[in-house]
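Enquirer: Chain by chain, the residues:
Number of protein chains: 2
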Amino acid sequence: MQFSELIRRSVQVNGRGAAIVDLGNGARRSYEELACRIGQLAASLRANGVVEGDRVAIISENSGHFIEAFFAIIWCGAIAVPLNFRLTNEELTQQIDDCEPTALFISPRFVDRLDGLNKVRARLKLCVVMAESTETAATVALGSMVDGRPEVRPFHWDHDDAAAVILYTGGTTGRPKGVMLSQKALIMNAYQSAALLGNTAGMRYAHVAPMFHIGDCAYIVAVTMHAGCHVVIPEFDPSRVVDALARERVTHVALVPTMINRLMAEPGFVGSELKWLANIIYGASTIPESLLRAALEALPGVQFGQSYGQTETATITVLRPEAHVTSGPAMGKLRSAGQPAIGAEVAICTPDGSEAEPGEVGEITVRSQSLMSGYWRNPEATRESVRAGRVHTGDVGYMDEQGFVYIVDRLKDMIITGGENVSSPEVESALHQHPAVLECAVIGVPHAEWGEQVHAVVRLHPGAEVEEHALIAHCRSLIAGYKCPRTIEITADPLPLSGIGKVLKRDLRERIARKAGC
Amino acid sequence: MQFSELIRRSVQVNGRGAAIVDLGNGARRSYEELACRIGQLAASLRANGVVEGDRVAIISENSGHFIEAFFAIIWCGAIAVPLNFRLTNEELTQQIDDCEPTALFISPRFVDRLDGLNKVRARLKLCVVMAESTETAATVALGSMVDGRPEVRPFHWDHDDAAAVILYTGGTTGRPKGVMLSQKALIMNAYQSAALLGNTAGMRYAHVAPMFHIGDCAYIVAVTMHAGCHVVIPEFDPSRVVDALARERVTHVALVPTMINRLMAEPGFVGSELKWLANIIYGASTIPESLLRAALEALPGVQFGQSYGQTETATITVLRPEAHVTSGPAMGKLRSAGQPAIGAEVAICTPDGSEAEPGEVGEITVRSQSLMSGYWRNPEATRESVRAGRVHTGDVGYMDEQGFVYIVDRLKDMIITGGENVSSPEVESALHQHPAVLECAVIGVPHAEWGEQVHAVVRLHPGAEVEEHALIAHCRSLIAGYKCPRTIEITADPLPLSGIGKVLKRDLRERIARKAGC
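In the order they appear, the protein sequences are chains F and X.
Heads up: the first sequence begins at 1 in my numbering, then just goes up one per residue.
Heads up: the second sequence begins at 1 in my numbering, then just goes up one per residue.
Among the clues, some could well be false.
Because identical chains share one entry, a pair is satisfied inside a single copy or across any pair of copies.
Said to hold, decoys possible - The calculated lysine-lysine pairs, modelled on DSBU-like cross-linking and capped at a C-alpha distance of 35 Å, are: (1) Lys184 to Lys333; (2) Lys333 to Lys275; (3) Lys515 to Lys505.
Keep in mind that the hints were calculated from the coordinates and are not lab data.
Using the sequences and the accompanying hints, generate a full structural model.
Expert: Next up, the structure:
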């Protein structure tokens with residue numbers, strides 16, 4: 001199963017139809033043009049020494065060039081590695097050191113970051129600026145790589161599980177974890193979602209969430225599979241998004257709950273003004289039920305679908321549009337993450353490894369055709385995650401009698417804030433680097449807009465003094481802004497510890513909930 | 001990819017919902033009951049000596065038991081072989097001799113045919129009558145095999161291309177050809193159709209066409225995948241079908257064009273009376289455009305989808321509901337077989353092996369995840385059909401600029417009458433066995449209801465005399481009734497021959513068309 005086959009079919013059935021509308025640079029491409037540009041770009045990559053199995057990184061906001069680069073890299077047999085541009089240079093360098101790309105696509109917006117990535121740059125065979133042309137002789141413009149060059153035939157991948165994409169997960173204090181996804185995994189995920197979330201021929205999908213995340217990256221594949229139109233929005237600006245949805249007659253969009261929340265406040269989003277909009281798919285973090293109810297009421301003509309999954313698994317469960325009701329026999333499921341997706345064998349595992357009864361809490365595990373092929377060069381982490389062919393998600397939950405899954409806690413120490421995964425140990429490690437900090441624990445606390453907000457509880461060394469804002473600034477110098485604590489409680493008391501000496505984060509969360517209740 | 005996983009999920013998400021409504025015996029089963037019965041039946045098969053890789057035949061009209069037997073055979077690691085009960089005992093014996101089943105499921109309606117299949121019966125470990133109970137001690141009732149017995153765990157198939165089903169094609173005068181289909185092929189076909197033909201959770205599908213054909217057999221898998229309801233209609237009787245569609249709130253049905261034609265004459269089918277009916281999928285033979293236009297007009301609330309394929313390939317192209325219009329920009333495609341299905345790499349091949357230009361005629365070839373694993377114990381035939389991973393369909397056609405495929409002729413000498421494949425050489429062979437016949441050619445001639453009708457042109461030995469009806473009766477003694485010529489032209493002239501001595505059937509067809517035009 002190869003992306004090149006999907007592209008070939010989309011050219012057959014919709015060659016002159018719109019493939020890409022890029023609202024950043026105004027470019028519009030038909031499927032014939034897109035396929036031609038991908039084949040030419042792949043030929044240029046080959047001509048510049050990129051060989052099969054090479055990693056090629058992408059550092060870019062959403063753009064039509066992102067889609068071209070993504071497919072061209074895989075077309076020529078290399079592995080696409082979209083990176084999170086919100087990371088610090090140090091964090092990016094860690095990921096780049098891990099996957100050792102031989103080429104890099106970088107958008108004009110981030111070209112000045114190359115100075116901070118000098119060590120990386122020295123190793124590259126090729127550094128492509130994602131623009132039609134560029135002023136400097138030192139860089140190659142993507143546009144010049146697709147300029148009349150003969151196309152190359154797609155590389156033939158000899159097995160279905162070969163990695164075609166690497167996406168880095170939130171990461172921990174240890175080395176970053178690159179999730180290897182095959183073309184098969186992404187194609188099967190697109191089939192599985194299509195059957196449940198209303199993807200169809202003729203769909204016009206708005207890329208609003210960042211393409212380097214699995215949530216939107218999955219739609220690069222799914223929309224192309226249906227020969228639909230990619231409406232690309234470079235960054236999330238509520239009024240521009242609403243304007244784009246209306247003007248480009250968008251039918252489908254995937255959003256994280258914080259985006260829905262912001263859009264709800266935007267004139268033109270609610271009511272009947274977006275008459276083409278048929279489906280909103282949301283996921284990546286828990287949606288507050290009050291927000292979901294408000295959205296259902298405000299957008300009666302739109303079908304809502306929730307997709308729950310991880311980078312390692314793609315879609316695990318789906319809350320179908322039919323379950324997004326506040327009355328009738330199908331009501332009462334809005335707090336759930338939905339039912340197993342078609343093709344996903346979901347089991348709740350108790351600590352002794354047996355399958356939980358309905359209602360019984362355990363770890364959510366899944367086997368499907370969309371699982372990762374493993375973590376890049378990290379067999380130990382892969383063995384820990386994938387046991388007997390099942391990914392152990394680290395999420396704790398239960399399944400009710402109708403197969404609806406409810407997530408109650410996360411085994412992995414992870415905070416999801418505005419759709420971004422933040423690893424608590426990583427933030428704790430940053431805090432610990434401040435000389436005044438003796439003990440600390442980082443947890444997620446409920447937040448109306450972001451789902452969760454990063455909160456730290458810090459115990460200082462005796463006699464030490466530091467202000468909350470100074471600790472936050474210290475973190476900012478080390479890790480990406482979205483990972484830094486928004487609020488810090490400074491305490492003189494020891495943190496509550498479990499028997500084996502781990503901080504009892506549940507106790508901290510309960511104390512905060514009690515305070516909030518006063 | 002295994003059916004057991006689909007069944008497991010359907011129990012999770014719709015355990016108490018209807019899985020089967022059998023309008024033959026009135027039985028209704030939930031998904032919990034169906035899964036339990038399949039597991040028990042599989043256990044009984046094992047206990048009776050059926051082992052992995054064994055073939056288990058089914059001779060039955062459509063029934064809930066058919067679905068149970070189909071899944072149970074595969075559940076225990078054996079290969080299901082649904083046979084065409086319209087064949088003569090001799091024809092059936094040929095197929096049974098070819099696949100050598102160790103067990104047989106047979107419906108009460110056909111039990112008396114066992115006498116004619118004595119040679120076969122002697123070899124069987126097990127012969128199951130598809131009824132809840134049976135009077136005779138000599139046979140085992142399916143019902144007794146699911147009676148409180150503990151379920152067995154599904155067999156773990158170690159590779160995705162392993163044959164799980166064998167379906168015999170129209171066959172030729174040579175040995176019958178058993179098409180081996182894997183679970184993966186049938187599951188991928190269900191995904192591919194779902195994305196284009198409107199299969200959804202909550203679907204209620206009527207099994208009207210015979211389950212031993214790929215056209216309906218595919219829906220045993222697809223409906224189960226969506227946890228939908230199988231509404232099983234034992235045989236095609238127009239008024240019973242219309243009644244069932246209404247009473248059981250059927251949403252989806254797959255029909256051959258002749259069935260649509262007959263239903264159109266039935267009160268209650270047209271108009272708005274079948275208000276639950278959302279999708280009619282048709283295929284298996286060419287639909288007269290006049291019939292299609294009449295059906296579109298009579299059933300404005302129904303979405304029509306055409307699926308073109310073969311047993312060897314499953315779905316190749318799909319004419320989507322959006323193309324079933326007689327006005328607007330999407331009109332003008334009703335004579336086509338539609339566009340390549342998602343995941344189907346369709347290419348029109350010219351005789352020199354290159355790919356045809358749009359509009360250029362060539363052989364229709366396809367590569368996809370739904371192809372057969374080969375012909376059962378017939379590597380030569382497999383090599384002839386599957387070259388470089390592509391099935392060569394034997395159908396000749398062209399593709400237009402928008403990817404719509406038009407079928408203009410069949411390379412294989414096959415007549416499709418009422419959805420049944422009839423091999424001309426087989427009928428010719430039967431005719432040749434009559435002492436009066438010197439030369440003959442069997443062709444399909446257009447027929448308003450059947451699509452094509454079997455017609456023979458026969459040249460007698462000098463001085464010999466035989467009546468048309470006597471020749472037809474002679475054929476009936478040798479081959480199934482639907483294969484026998486409906487009309488025979490007896491001529492004294494030599495048949496027109498090509499350079500290498502083959503009858504020029506195209507000339508015969510043109511002569512008949514000219515006569516019809518007079």
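Enquirer: Taking the hints in turn, state whether each one holds.
Expert: The hints, checked one at a time:
1. Lys184 to Lys333: both (31 Å within a copy, 32 Å between copies)
2. Lys333 to Lys275: Close inside one copy (27 Å) and across copies (28 Å); limit 35 Å.
3. Lys515 to Lys505: within (15 Å within a copy, 89 Å between copies)
In summary, the structure agrees with every hint in the numbered list given earlier.
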